[in-house]
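Asker: Here is how the chains run, residue by residue.
2 protein chains.
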Amino acid sequence: MDGYRILEIKRSVFENNDKDADRLRQQLKKDRTFLLNLMSSPGSGKTTTLKKTIAALKDEYRIGVMEADIDSDVDAAAIEGTGAKVIQLHTGGMCHLDADMTRQGLEGLGDEDLDIAILENVGNLVCPAEFDTGSVKNAMILSVPEGDDKPLKYPLMFTICDCLLINKIDVLPYFDFDIEECSKRARRLNPNIKIIPICAKTGEGISDFAAWIKAETAAWIG
Amino acid sequence: MDGYRILEIKRSVFENNDKDADRLRQQLKKDRTFLLNLMSSPGSGKTTTLKKTIAALKDEYRIGVMEADIDSDVDAAAIEGTGAKVIQLHTGGMCHLDADMTRQGLEGLGDEDLDIAILENVGNLVCPAEFDTGSVKNAMILSVPEGDDKPLKYPLMFTICDCLLINKIDVLPYFDFDIEECSKRARRLNPNIKIIPICAKTGEGISDFAAWIKAETAAWIG
Numbered sequence: 001m002d003g004y005r006i007l008e009i010k011r012s013v014f015e016n017n018d019k020d021a022d023r024l025r026q027q028l029k030k031d032r033t034f035l036l037n038l039m040s041s042p043g044s045g046k047t048t049t050l051k052k053t054i055a056a057l058k059d060e061y062r063i064g065v066m067e068a069d070i071d072s073d074v075d076a077a078a079i080e081g082t083g084a085k086v087i088q089l090h091t092g093g094m095c096h097l098d099a100d101m102t103r104q105g106l107e108g109l110g111d112e113d114l115d116i117a118i119l120e121n122v123g124n125l126v127c128p129a130e131f132d133t134g135s136v137k138n139a140m141i142l143s144v145p146e147g148d149d150k151p152l153k154y155p156l157m158f159t160i161c162d163c164l165l166i167n168k169i170d171v172l173p174y175f176d177f178d179i180e181e182c183s184k185r186a187r188r189l190n191p192n193i194k195i196i197p198i199c200a201k202t203g204e205g206i207s208d209f210a211a212w213i214k215a216e217t218a219a220w221i222g
Numbered sequence: 001m002d003g004y005r006i007l008e009i010k011r012s013v014f015e016n017n018d019k020d021a022d023r024l025r026q027q028l029k030k031d032r033t034f035l036l037n038l039m040s041s042p043g044s045g046k047t048t049t050l051k052k053t054i055a056a057l058k059d060e061y062r063i064g065v066m067e068a069d070i071d072s073d074v075d076a077a078a079i080e081g082t083g084a085k086v087i088q089l090h091t092g093g094m095c096h097l098d099a100d101m102t103r104q105g106l107e108g109l110g111d112e113d114l115d116i117a118i119l120e121n122v123g124n125l126v127c128p129a130e131f132d133t134g135s136v137k138n139a140m141i142l143s144v145p146e147g148d149d150k151p152l153k154y155p156l157m158f159t160i161c162d163c164l165l166i167n168k169i170d171v172l173p174y175f176d177f178d179i180e181e182c183s184k185r186a187r188r189l190n191p192n193i194k195i196i197p198i199c200a201k202t203g204e205g206i207s208d209f210a211a212w213i214k215a216e217t218a219a220w221i222g
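So the sequence lines, in the order shown, correspond to chains A and B. The numbering of the first sequence is this note's numbering, which starts it at 1 and goes up by one. The numbering of the second sequence is this note's numbering, which starts it at 1 and goes up by one.
Derived by calculation from the structure, the hints in this document are not laboratory data. Just so you know, even glycine gets a beta-carbon here, dropped at the ideal spot from N, CA and C. Treat each hint with caution, since some may be false.
Simulated restraints, written as ranges between beta carbons of each label pair [claimed, not checked]: (1) B:Ile195 - A:Asp71: 20 to 28 Å; (2) A:Lys19 - B:Lys29: 46 to 54 Å; (3) A:Glu181 - B:Ile221: 21 to 29 Å.
Subject to a maximum C-alpha distance of 35 Å in a straight line, what follows is the list of computed DSBU-like cross-link-like pairs (lysine-lysine) [claimed, not checked]: (4) B:Lys201 - A:Lys194; (5) A:Lys51 - B:Lys184; (6) A:Lys184 - B:Lys184; (7) A:Lys201 - B:Lys58; (8) A:Lys184 - B:Lys85; (9) A:Lys85 - B:Lys184; (10) B:Lys85 - B:Lys58; (11) A:Lys85 - A:Lys51; (12) A:Lys184 - B:Lys201; (13) B:Lys201 - A:Lys51; (14) B:Lys194 - A:Lys201; (15) B:Lys58 - B:Lys137; (16) B:Lys184 - A:Lys201; (17) B:Lys201 - A:Lys201.
Using the sequences and the hints, build the whole thing.
Answerer: Below you can see the structure in the form of structure tokens.
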């Protein structure tokens, strides 16, 4: 800590979007739709996790997925055919979604007849954490190859998430990743965070995530 | 492409920062300092790659490293003791660095007696690609576990980088990652991109990256 300086660079001021987010949640409550905001780094396995999770939930719930991306449609194409409604949202270069963008997405999806809407946010551990999308709950994925130090480096993301999926546990033998240590770091920021180790590729742990979504949906739509 | 809609969401307008970037490059030229901007997702191995690269270059060059992060100092602590000057930049939540922030960092580092300055940008494949930092060259790391589809999903990042390091090639047997396919996708966006497969952990390929930096530094400082 002695050999280098820490320089505080000024950040730009974002518009306050909290009012929009609260208004959207009120609408979702009225529509009896549970909205989950799923976040992670690029390549952590959001889309594969969603595919497996939809398969576990689709017989019981009407599900809609919003795939947010800069400008590709790789993810929506992957979700198509899973039994969920899907829409690709292009953010035009934006690194996150805010509540108004999410509202546009839900409108495009037609949320009025959905039990569960899932927003796959842009792959990014920074900006999406700063904007309330109007979601009922936030979940994030951290994959084993990314390293167990991520709660130290992206604390806000771990603080605002209700559920942390630790993905790619099949490759634990090939990486220095300590699940216990990572969980401790996450819980230090967020004592109530639900932590679920999964392997989206094999489906391991997906039933636990699906059970969490079911319980949260029941709590929301009553 | 038929089963879902693509909705274009409006992006906010960023301030034009190109003039600041050009001014910074002119200053770097005068100071005979080569500035490299290194970008990647969280957990791709930027810091480990830098440590190994500094070891390969430090006997020949005076090197300074700017570690940009939201608010931790994990990375600067890791670089300390490598023989490079290091400064931790806190972005106060910002997801990228622009030219003026980079200038502040260089000032903090004291760039006037450096041959090579390296900016480790915030872990993010989106926003850092949109802001010219004033760097002479841009490099990025894509790690094998992130997937070979990333050029399709983050095209701007691959377009603006002069050098692409494909890291963690030691775990290729455990992931579906096709280096040839990934390289083709990157070259479709950026035909002149230099692609170097590496394993930062074992040091494989680092000498090729160091040789690229040497050649680019020589071309810049003459």
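Asker: Confirm or reject the claim that A:Lys19 and B:Lys29 have a C-beta distance inside 46 to 54 Å.
Answerer: 48 Å, holds
Asker: Can you confirm whether the C-alpha distance between A:Lys85 and A:Lys51 stays at or below 35 Å?
Answerer: 12 Å, holds
Asker: If you draw a straight line from the CA of A:Lys184 to the CA of B:Lys184, is it 35 Å or shorter?
Answerer: Distance of about 41 Å is beyond 35 Å: violated.
Asker: Below or equal to 35 Å on CA atoms is what counts here, so check A:Lys51 against B:Lys184.
Answerer: 27 Å, holds
Asker: Are B:Lys201 and A:Lys201 close enough, with their CA atoms no more than 35 Å apart?
Answerer: 25 Å, holds
Asker: Need the status of pair B:Lys194, A:Lys201: alpha-carbon distance at most 35 Å?
Answerer: 32 Å, holds
Asker: Check whether the Cα positions of B:Lys201 and A:Lys194 lie no farther apart than 35 Å.
Answerer: 32 Å, holds
Asker: Is it true that the CA of A:Lys184 sits at most 35 Å from the CA of B:Lys201?
Answerer: Roughly 25 Å between the alpha carbons, so the hint for A:Lys184 and B:Lys201 holds.
Asker: Could you check the hint for me, namely that A:Glu181 and B:Ile221 are 21 to 29 Å apart, CB to CB?
Answerer: Violated: the Cβ-Cβ distance is about 43 Å, outside 21 to 29 Å.
Asker: Starting from B:Lys85, check that the Cα of B:Lys58 is at most 35 Å away, please.
Answerer: 11 Å, holds
Asker: A:Lys184 and B:Lys85: Cα distance at most 35 Å?
Answerer: 32 Å, holds
Asker: Can you confirm whether the C-alpha distance between B:Lys201 and A:Lys51 stays at or below 35 Å?
Answerer: 33 Å, holds
When each numbered hint is compared with the structure, violations occur for hints 3, 6, 7.
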